[in-house]
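Engineer: Protein chains in written order, with full-length UniProt numbering: chain A, 1 to 428; chain Y, 1 to 319; chain X, 1 to 203.
Hints are supplied without guarantee of correctness; some may be wrong.
Now the stretches of chain X that chain Y is said to cover, found in silico as 3 or more residues with beta-carbon under 8 Å [stated by the list, open to error]: (1) 44-56; (2) 128-136; (3) 176-190.
No wet-lab data here; the hints were simulated from the structure. Where is the CB? At the ideal position from N, CA and C, for every residue including glycine.
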Amino acid sequence: MDEIGELGEMLPVPGEPRVLHVDVCQDPCSTVKAASIKEHVKRLFHKRECPLGDMKLTEFNDEFLTEHVKCIEVTDSEFEDSTQSPNLSSITVEVHVYQVHKGGPAQEDLDEEEELAAANHWLLPSSDFQGMWENLIFDSHIKRELLQYASTTLLFSDCNVDSNIITWNRVVLLHGPPGTGKTSLCKALAQKLCIRMSDRYSYGQLIEINSHSLFSKWFSESGKLVMKMFQKIQELIDDSDALVCVLIDEVESLTSARKSAMSGSEPSDAIRVVNALLTQIDQIKRYPNVLILTTSNVTGAIDLAFVDRADIKQYIGPPSPEAIFKILHSCISELMRAGIISPPQQLLDLKALKMMNFVKNELTSLSLMLRQIAIESYGLSGRTLRKLPFIAHATFLQSSKVGLEKFLSALDLAVKKQFSDRNDLEKD
Amino acid sequence: MPFGKHSPLTCLVEFDGIIKGQLRGNIVTEMLKYVLYQRQQIPQTYEQLKQQEQLKQQEQSKQDKQQEGETLQLKRKGPQKLQVRKLSEALENIEALFHNINQAFSNVNYINQVVITLGGTPISPKETYIIKLPGGVFEGSILSKKEVIQTLFRTLISQDLLGDFRNMSTTNSYVLLQAPRNSEMQWFEPKAAYKLPNRGKIIEVSLVCNQGSNALEADLTNVSSSDFEISGISPLEISTVSTEGTLCNSLNDMSINDSSFASQDVDKEVSPNSPDAMATSDVEGHDSEFIWYQAPVSVRGFRDKRASAKMSSCMDIWA
Amino acid sequence: MAASTCQKNAITLKGSTETVSEFFMYGINSILYQRGIYPPETFTRVQKYGLTVLMSTDEKLKVYLQQVLKQVKDWLLDTTLQKLVIVIKSLDTNEVMERWQFNVECDKTVKTDSKPREKSEKEIQKEIMGVIRQITASVTFLPLLETACVFDILAYTDKDQDVPETWGEAGPHFIANSQEVRLRSFTTTIHKVDAMVAYRNDD
Numbered sequence: 001m002d003e004i005g006e007l008g009e010m011l012p013v014p015g016e017p018r019v020l021h022v023d024v025c026q027d028p029c030s031t032v033k034a035a036s037i038k039e040h041v042k043r044l045f046h047k048r049e050c051p052l053g054d055m056k057l058t059e060f061n062d063e064f065l066t067e068h069v070k071c072i073e074v075t076d077s078e079f080e081d082s083t084q085s086p087n088l089s090s091i092t093v094e095v096h097v098y099q100v101h102k103g104g105p106a107q108e109d110l111d112e113e114e115e116l117a118a119a120n121h122w123l124l125p126s127s128d129f130q131g132m133w134e135n136l137i138f139d140s141h142i143k144r145e146l147l148q149y150a151s152t153t154l155l156f157s158d159c160n161v162d163s164n165i166i167t168w169n170r171v172v173l174l175h176g177p178p179g180t181g182k183t184s185l186c187k188a189l190a191q192k193l194c195i196r197m198s199d200r201y202s203y204g205q206l207i208e209i210n211s212h213s214l215f216s217k218w219f220s221e222s223g224k225l226v227m228k229m230f231q232k233i234q235e236l237i238d239d240s241d242a243l244v245c246v247l248i249d250e251v252e253s254l255t256s257a258r259k260s261a262m263s264g265s266e267p268s269d270a271i272r273v274v275n276a277l278l279t280q281i282d283q284i285k286r287y288p289n290v291l292i293l294t295t296s297n298v299t300g301a302i303d304l305a306f307v308d309r310a311d312i313k314q315y316i317g318p319p320s321p322e323a324i325f326k327i328l329h330s331c332i333s334e335l336m337r338a339g340i341i342s343p344p345q346q347l348l349d350l351k352a353l354k355m356m357n358f359v360k361n362e363l364t365s366l367s368l369m370l371r372q373i374a375i376e377s378y379g380l381s382g383r384t385l386r387k388l389p390f391i392a393h394a395t396f397l398q399s400s401k402v403g404l405e406k407f408l409s410a411l412d413l414a415v416k417k418q419f420s421d422r423n424d425l426e427k428d
Numbered sequence: 001m002p003f004g005k006h007s008p009l010t011c012l013v014e015f016d017g018i019i020k021g022q023l024r025g026n027i028v029t030e031m032l033k034y035v036l037y038q039r040q041q042i043p044q045t046y047e048q049l050k051q052q053e054q055l056k057q058q059e060q061s062k063q064d065k066q067q068e069g070e071t072l073q074l075k076r077k078g079p080q081k082l083q084v085r086k087l088s089e090a091l092e093n094i095e096a097l098f099h100n101i102n103q104a105f106s107n108v109n110y111i112n113q114v115v116i117t118l119g120g121t122p123i124s125p126k127e128t129y130i131i132k133l134p135g136g137v138f139e140g141s142i143l144s145k146k147e148v149i150q151t152l153f154r155t156l157i158s159q160d161l162l163g164d165f166r167n168m169s170t171t172n173s174y175v176l177l178q179a180p181r182n183s184e185m186q187w188f189e190p191k192a193a194y195k196l197p198n199r200g201k202i203i204e205v206s207l208v209c210n211q212g213s214n215a216l217e218a219d220l221t222n223v224s225s226s227d228f229e230i231s232g233i234s235p236l237e238i239s240t241v242s243t244e245g246t247l248c249n250s251l252n253d254m255s256i257n258d259s260s261f262a263s264q265d266v267d268k269e270v271s272p273n274s275p276d277a278m279a280t281s282d283v284e285g286h287d288s289e290f291i292w293y294q295a296p297v298s299v300r301g302f303r304d305k306r307a308s309a310k311m312s313s314c315m316d317i318w319a
Numbered sequence: 001m002a003a004s005t006c007q008k009n010a011i012t013l014k015g016s017t018e019t020v021s022e023f024f025m026y027g028i029n030s031i032l033y034q035r036g037i038y039p040p041e042t043f044t045r046v047q048k049y050g051l052t053v054l055m056s057t058d059e060k061l062k063v064y065l066q067q068v069l070k071q072v073k074d075w076l077l078d079t080t081l082q083k084l085v086i087v088i089k090s091l092d093t094n095e096v097m098e099r100w101q102f103n104v105e106c107d108k109t110v111k112t113d114s115k116p117r118e119k120s121e122k123e124i125q126k127e128i129m130g131v132i133r134q135i136t137a138s139v140t141f142l143p144l145l146e147t148a149c150v151f152d153i154l155a156y157t158d159k160d161q162d163v164p165e166t167w168g169e170a171g172p173h174f175i176a177n178s179q180e181v182r183l184r185s186f187t188t189t190i191h192k193v194d195a196m197v198a199y200r201n202d203d
């Protein structure tokens, strides 16, 4: 019952003290109990030795923390956007201690003899997804809302709220154009949830099913595969200490399968497989420790039967100029860390620029230049944006060290080239 | 039913004497070899693979001396590369495991259980091999490595627990050791939340050192009470095979005049090692000081694809 | 999967004889490799029964085994073979170190009774795989053969069999103070083969 109390604290309740979530990654070789680490971290905050906004600490004065902790992180804090510094007394510091599981995905061979690999399987928190959440940049608090939504879902389920009175599903659907980071967001969300819920669930499982390959490759076997896969998933769910996240990519392929089945051009196997999958999803979503995460590249054309099952249908579009600014900002920081942009220079963030009313002076000029690039880049996908610094360097610079201003000019050229390339493609 | 719930298959291996220090590590490495081979994760026994690797290296160095250039040789290497790499990678990982298991046993005194899991992850494996090591350090004659290993495998192979298992596809094999939280375990990573799986096939091998009645007077304070067998007070059983299908009949079929073998009584009573007894030991409480440590390296199973290519030519010879 | 295991094949005496003598061939080769009777580099890997089995490339040995197995086949066809024993002896002292015994139970009614016997090929192969795997795993408990060894093959048949010229009457080659381990068995429904190994108990 204790854990449930803590789960409750995760939800921001107006008027109540607000919660600051601190995620602590314990060293993989450390065997001290989470409780002792929590104590030390809380002390850190009470002594005000660290800021209350988003941050990442990897070095500590506390010897105990140096020995047992790899990093301490605060992400997506509610205070990120507010300008005034919050009052410590009104904040509850919630510490989540976790250790990552190493080793990439395990392929689940579903057929004992033919070794069909139909799903990837991770133990969470996994070292594969470390840092993913922080580096995903989206607009309008999408990440925080998703996290809160998922938390509420799991809280309601864990408290046995009667789903006949209050309806909620354990299905999330992210849709939008390709390259916007939907799949990554699902994985990062699963990882973050496992970290935040580490007191409730001792570990997480992430099963990634690519429905596209499920339908195209093993068409005649699909029905059997779906059954086997969910049999396996059911087994994972049976362990109530595990939070099971099932990620189904490209759900639009279900729709097309069903459509073509209806038009009679495909064998009726297809419709049976789609129905089997939907039935299985309905089966497992009844369990409190399950979250189903789905993505679709096609907006508006998703199987209605599927859309009905999803509670949260979040559109993930191409990033806004603000998000682009953040993405490029993080890319440039990385290049400074690597010593390619040298000497390192400070780039202000948007909040700071706004406080200075975007007035151009010695301090702000480069930051404003980046802002201009971000505005020009609007319309490019997240995937393209993260490639831009590379293209800028490869096409327009090529030297092993470059000043920030010169780099920004190259970046500007790279953006222009992206758009002109795109126009050329459209002409063809 | 590959994923169904099974009651554990148990096997009791008794030793007339005590097993000291490093030998406990030897037991684990030999068990790992056995499981990897018997469950088709390596196409030949570890020793055979090692031997062939050595032969190949000798051949290789000979060839290198003889000048390269024969195109035929190069052609053969191409498609085999992946196989060779899989083999050497598996061997490398097995050796790393062996080395570190032995290290662990020489550094940490109280490793009381070892688990080998086969399957995608150690949490949801297809098969789990639980090796319960003999607890307590008693007076008695010290057994040699030869005696211990021979007794262990004679028992395992006679009981033939794995005999009727269906074929296993290649998958990952993980090794976990259970030891006190405060032990100086190295290389192995602590997994405090790890619980023994209760799904898939579970095979439990309990090793017991027989001490007769003296055992009761021995100093019990060193070990947690759940992990050792007080064999002096319970009837000595050679097998407590769960009655599942045909798995248990190999012993009963045996003719009694095989005197050297049937010298021990066959007893079907439930052992103190039954799954229930085991389950309680894992509940947080008196045993909470023991946690699992997982080897950071796993063995990825592989098949021998090179051999099949040669098959036709060989069959001609033997036809 | 279910479909393939259900495919029953009618077992004939001839087919059963082939299966069993083939098993002996792979089994004996495995033992000779396993126990180091011939140098490991004279063996080659072959895929059989879903296993990697090592087969000798030594010409003399191959000829010898072919001769032996040809005779064994005749006895299997007659349903008169009772056991086949591979004896491993010390080269110097001629002392028997190990005895690999394969007891054969023949269903003699097969000659008179024409009712079909059915068992899937796959199932038989799986059983044989189990035996070969156990033979291989036996190195873990068999004492190391410290001296150079040779091997002999003994066949036990029903009485009144004409003994071919190449086969001499032999003593039983028992091991004093032996330890025995019974291994798995397999059956084709016509021939049932039980495997067992006995070895010197030095302790």
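Engineer: Hint by hint, say whether it matches the structure.
Structural biologist: We went through each hint and held it up to the structure:
1. 44-56: Contact hint for the region 44-56 of chain X vs chain Y: holds, 10 residues under 8 Å.
2. 128-136: With 4 residues close enough to chain Y, the hint holds.
3. 176-190: That given contact holds, which follows from 7 residues of the region 176-190 of chain X lying within Cβ reach (below 8 Å) of chain Y.
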